[in-house]
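Start from the sequences, fold in the hints, and give me the full structure.
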Amino acid sequence: MAVLLIAEHNNKELRPFTLNAATAASQIDSDVHAVIIGQNSADAAKQLSELPVVKKVLSVEGAHYENFTAENFAPVIVKLAENYSHIVCSANTFGKNLMPRIAAHLDTSQVSDIINVISPDTFLRPIYAGNAFATIKSNDAKKCVTIRPTSFDPCESTGGSAPIEKIDASEEFSNTKFIKREEIKSDRPELGTARIVVSGGRGMQSGDNFKLITEIADKLGAAIGASRAAVDAGYISNDHQVGQTGKVVVPDLYIAVGISGAIQHLAGMKESKVIVAINKDGEAPIFSVADYGLEADLFEALPQFMEELNKLNTIQK
Amino acid sequence: MKILVAVKRVIDYNVQIRVKDDGTGVVTDNVKMSTNPPDDNAIEEAVKIKEAGNATEVVAVTVGEEKAQETVRKALAVGADRGIHVKVDGILEPLAVSKILQKIVDKEKPDLVFMGKQAIDDDCNQTGQMLSALLNWPQATFASKIDVKDNKLEVTREIDEGLETIEINVPAIVTCDLRLNEPRYASLPNIMKAKKKPIEEIAASDLGVDVSPRLEQLKVEEPPKRKAGIKVANVAELVQKLKNEAKVI
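Keeping their order, the protein sequence lines are chains A and B. With this note's numbering applied, the first sequence has no gaps in its numbers, which climb one by one up to 317 at the end. With this note's numbering applied, the second sequence has no gaps in its numbers, which climb one by one up to 249 at the end.
These are computed hints drawn from the structure, not numbers from a lab. Please note that a few of the clues may not be correct.
DSS-like mimics (lysine-lysine), calculated; alpha carbons at most 25 Å apart, straight line [said to hold, decoys possible]:
no.	chain 1	residue 1	chain 2	residue 2
1	A	K56	A	K142
2	A	K311	B	K243
3	A	K166	A	K142
4	B	K241	A	K280
5	B	K145	A	K180
6	B	K231	A	K280
7	B	K67	B	K107
8	B	K247	B	K227
9	B	K193	B	K87
10	B	K243	A	K211
11	B	K243	B	K87
12	A	K219	B	K243
13	B	K241	B	K227
14	B	K20	B	K2
15	B	K247	A	K219
16	B	K103	B	K67
17	B	K227	A	K280
18	B	K197	A	K177
19	B	K48	B	K219
20	B	K231	A	K311
21	B	K107	B	K247
22	A	K177	B	K109
23	B	K2	B	K197
24	B	K241	A	K273
25	A	K180	B	K149
26	A	K280	B	K243
27	A	K219	A	K317
28	B	K152	B	K67
Shown next, in the form of C-alpha cells:
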C-alpha cells in the first residue's frame, strides 16, 4: 500500500518542510500520495503535484480548512487512511498538533519525530532531548509517523506532474474556533532552513542588546535564534526559540552568544555542522559542543566580530 | 468547572542521562526523578483558575508505577484538591495513557483536562491530542495563555510562525507550554497538608483498557559524539578560522 503524505501549506504555497517530509515518505515506499487540505489552495495543490516523488495528489477544499485546525483535518485523513500503510507529516507544530489526533482515531501508536527510516516499519528517533537515539519498530497495521524535517533533505520541487483528485470535505468541528494568527514577518531566512543561525541567550541582558546579533545576522545573511531563557525574559519572540521544545536547527554554522548551553538548548542545535560559542564563563556547557569557543564578554566580542566581518573581502551567502 | 490535570514522573530535567550498556534503555536507578516540567505549568494554571473563582475543583492524575504517586503528592502540595493514581508497571505508550485517561474522564466528568505539551523523556508530544481525539473534544495544544470566558476558553498557542489564538468550547483539552506561567513552589505547611489530601488508587487492569505496547524498542544508543573543539584567543582568530578552516563564511 502507498504512503500518504500530509502537505503543510499556507493556502497559497507549500511550506518548505513539506519537501523534507516528502523525502522521508519516499524512503518508506516509492508510492507516495499527498493530501492537501485547505481553502482556495489550488496553487499549492499544483505545486504539490510537481514534486517528482508524489504520484497522486488528493485535494480537499472547504472554508473550515482555512486555518488548518486539527479537529477539522483529522476526520478527512482518517477516512483516507484505509487505502494507505503509512501517514506521514513533519514534526513541527503543524504535524505535532495534528498527527496524534489521527493516530488515536486509527488506534495506532504514533512514532514521533523520526530522524532516519531504517525500514518501512523501523525508525530511528531521538529521546531525552537527543541524548539517546531509540530504534523503534512499529507493529501496528497502519503507521503514523512524524519526521524531523531537518534530518531529511528537501525533495526536488519541479518536474513531476501527478494527477490531482478532488475529495469531498468532511463536516465542520464546531467546538473550536480560529480567532487570529500573529506571524512575525521578517526578510531574514527562516530559522528552520537557514544556512547560518546566530542565537542569543540570557547573557544578552535585554531585547535592545539583540541588535548586536541582528547586525551580524544581517551581515551573514543568517537567521536569528534564541535560548528559552531569552524568550522567557521577553528579549525576543517565541518563534526564535531553539531547543527541545522549540525548533531544531542544523545550519552549516551556529553561533551561540551568551547561551550557557542547557541540555534543552543543545537538543535543538548540536547537530549543526560548525558550532561557535561566545561566552564569558569558560565552564559553560555550550563549550562542550563548540568547534570554536571564545571565552569573552559578548559586549566586547560582538562589535569586534562585526568589525572583523567588515574587513573581509567576501562573505558567503 | 472541574479541572483534571495529568502529570507524569520523568528523569529530572537537570540530569544528564546515561544510556544502559546493554542498549535496552537509559539508566533510571538512583537517578533524580521529578514531575515533567510542563505538567507543573498545567497544575499551576488549574490552581490559578480555581483561585480566580473560575473552577471548583482541581484533580491531579498520574498513570504509572508505585513511585509515580510522588507527582500527584507534589500537585496536591501546590493546590490540587485530590489525586488519582492509576497503577501500572512497564512501558506505557501515549496511546495507552490516553485510553486510561479517557476512562478517568468518563468517571470524573471534568470540564477541562490540562497536561504538559510534551514529556521530556520520550519527547512524544501525543497524549493530549490523542485524548481529545478519543473524547472528540476540542484541543488547544502548546498553550502560552488561557483566558476563561464562561463555558469557553480563549487560548494563545505557540506555533512555529508565531502565535495563534483559538476559542474552544468546554469540555476541552489544553496542553501547556512552559511559558504559560511560573509554577509556584510548595511551602512546608502545604506539603504537610498535602499528606492528608486523598489519593485514590486504581489498578489499570480494572479499567478494561488494553495497554500492551504496539511499538518495540529494539535498541537505545548514545548519539554520535562531536569531535572536541578548540578555544580561540580572540575574535580575529575566530573569524579567520571560520573563513579559512571551516570555510562557512
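Do the hints match the structure? See the list:
A C-alpha spacing of about 20 Å is found between K56/A and K142/A, which places the hinted pair at or below 25 Å, so the restraint holds. Of the pairs offered as hints, the one joining K311/A and K243/B holds, with about 12 Å between alpha carbons and a cut-off of 25 Å not exceeded. Among the hinted pairs, K166/A with K142/A is consistent with the structure: their alpha-carbon atoms are about 23 Å apart, no more than 25 Å. At most 25 Å may separate the alpha-carbon atoms for a hinted pair to count; K241/B and K280/A meet this at roughly 20 Å.
With a C-alpha separation of about 14 Å, the suggested pair K145/B and K180/A falls inside the 25 Å cut-off, and the hint holds. A hinted pair counts as satisfied when its Cα atoms are at most 25 Å apart, and K231/B with K280/A qualifies at roughly 12 Å. Restraint check: the Cα-Cα separation between K67/B and K107/B comes to about 23 Å, which is no more than 25 Å; the hinted pair holds. As the CA atoms of K247/B and K227/B are separated by approximately 17 Å, the hinted pair is consistent with the 25 Å bound.
Distance check on the hinted pair: K193/B and K87/B sit about 23 Å apart at the alpha-carbon level, within 25 Å; holds. For the given pair, K243/B sits about 23 Å from K211/A by alpha-carbon distance, which is consistent with the 25 Å threshold. Restraint check: the Cα-Cα separation between K243/B and K87/B comes to about 58 Å, which exceeds 25 Å; the hinted pair is violated. With a C-alpha separation of about 14 Å, the suggested pair K219/A and K243/B falls inside the 25 Å cut-off, and the hint holds.
Using a Cα cut-off of 25 Å, the hinted pair K241/B and K227/B holds, with the two alpha carbons roughly 16 Å apart. Taking the CA atoms of K20/B and K2/B, the gap is near 42 Å; set against the 25 Å cutoff, the hint is violated. This hinted pair checks out: K247/B and K219/A have alpha carbons roughly 16 Å apart, not beyond 25 Å. The straight-line distance between the Cα atoms of K103/B and K67/B is roughly 22 Å, inside the 25 Å bound, and the hint therefore holds.
Among the hinted pairs, K227/B with K280/A is consistent with the structure: their alpha-carbon atoms are about 22 Å apart, no more than 25 Å. Under the criterion of a C-alpha separation no larger than 25 Å, the hint pairing K197/B with K177/A is inconsistent with the structure, at around 38 Å. Pair hint K48/B plus K219/B does not hold up; C-alpha atoms about 42 Å apart against a cutoff of 25 Å. For the suggested pair K231/B and K311/A, the alpha carbons sit about 22 Å apart, so the restraint of at most 25 Å is met.
Under the criterion of a C-alpha separation no larger than 25 Å, the hint pairing K107/B with K247/B is inconsistent with the structure, at around 62 Å. Annotation: proposed proximity of K177/A to K109/B holds, straight-line Cα distance about 23 Å (limit 25 Å). Pair hint K2/B plus K197/B holds up; C-alpha atoms about 17 Å apart against a cutoff of 25 Å. Among the hinted pairs, K241/B with K273/A is consistent with the structure: their alpha-carbon atoms are about 14 Å apart, no more than 25 Å.
For the hint linking K180/A to K149/B, the alpha-carbon distance of about 17 Å falls within 25 Å, and the restraint holds. Of the supplied pair hints, the one linking K280/A and K243/B holds, its CA atoms being roughly 23 Å apart against a limit of 25 Å. This hinted pair checks out: K219/A and K317/A have alpha carbons roughly 9 Å apart, not beyond 25 Å. At most 25 Å may separate the alpha-carbon atoms for a hinted pair to count; K152/B and K67/B exceed this at roughly 36 Å.
Hints 11, 14, 18, 19, 21, 28, counting from the list given before, are not met by this structure.
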